[in-house]
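Chains A and B, in that order, give the protein sequences.
Counting from 1, one number per residue, gives the positions in the first sequence under my numbering.
Counting from 1, one number per residue, gives the positions in the second sequence under my numbering.
Each hint should be verified, as a subset may be incorrect.
Quick list of in silico lysine to any residue cross-link-like pairs, SDA-like style, CA-CA up to 20 Å [as the list claims (entries may be wrong)]:
1. A/LYS43 x B/MET1
2. A/LYS43 x B/LYS36
3. B/LYS36 x A/ASN13
4. B/LYS53 x A/LEU9
5. B/LYS36 x A/THR58
6. B/LYS36 x A/VAL55
7. B/LYS36 x A/GLU52
8. A/LYS43 x B/ARG3
9. A/LYS43 x B/VAL49
10. B/LYS36 x A/SER27
11. A/LYS43 x A/GLY69
12. B/LYS36 x A/HIS36
13. B/LYS36 x B/LYS53
14. A/LYS43 x B/ARG10
15. A/LYS43 x B/LEU16
16. A/LYS43 x B/GLN17
17. B/LYS36 x A/LEU9
18. A/LYS43 x B/ASP2
19. A/LYS43 x B/ALA158
20. B/LYS36 x A/ASP29
Treat the hints as calculated values from the structure; they're not laboratory data.
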Amino acid sequence: MRPLGHNTLDHRNPGILGVVLTDDRVSADIIADGIHLDPAIVKLFARAKGPEQTVLITDAISATGMPDGRYRLGSFEVDVREASARWMANWREAF
Amino acid sequence: MDRAVQNLARFAEWDLQHAVAAASRNPARAARIANKGVIAAGADADFLVLSPKGEVLRTFIAAWTASLHEGNARRIRRRTVAETRKFPHHLIREIFEQPDALRRTIEPRVSLAEGRVRLDEVRISREELRALRRINIVASGTSRHAGMTGQFMMQELAGLPVDVDYAASSNTAIP
């Protein structure tokens, strides 16, 4: 589990994740699209933060929810395949 | 976000209400937006009607219907509830239909602005109405109950004696 721009949860160095997941005063955001994070990680996060401090966010763009095809996101071209959006440039994962 | 809510409920094995809170109450609380994320007097009344699986059936913005959803097609126009999909039972659909049915019945015939009621379907002339001395409403079942309501209204407003008779026995009950 790695929050954007932060270290992973390490057994000797819990870092920001260790603090956020264990401090009940803190709410935390999670993307539950099944792509950014494995469903098991979402479940682990939900167990840690509970129904009061879990905040859902999406990484949704205008092509979200559309059938497979090519869409525009500003000046970028986005391909939607199997319900997942990726940049057109060399089919690299955007995440 | 609707799919995120469904995913969270499934991944975390949570009841839908917890996953919905994670997309409504919790972010509103985290962002300190007091008038959202709660159903309370003075709040914004932006809310959804979800199926038990978390599918969006209806969207309300400031208490008004903004859209009814069918699959991924989202339209912003008024539609009757009967046109929306998936009610768990036809009785529940009928219950939801009632406000719409009443509105569609009353709206074209009653003008609150002008204080007028128009009943174009009723072809009884003013003279014929004036000549009425008594009214017998012949009905059964639901229409009889509607007739009983009408009986009180007509007696009060028109000052005429009104009786409601069972259709099955009307040939003997009406003098």
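Exercise for the section: Enumerate the violated hints, using their earlier numbering and listing them in ascending order. Expected result: 2, 3, 4, 9, 11, 12, 13, 17 and 19
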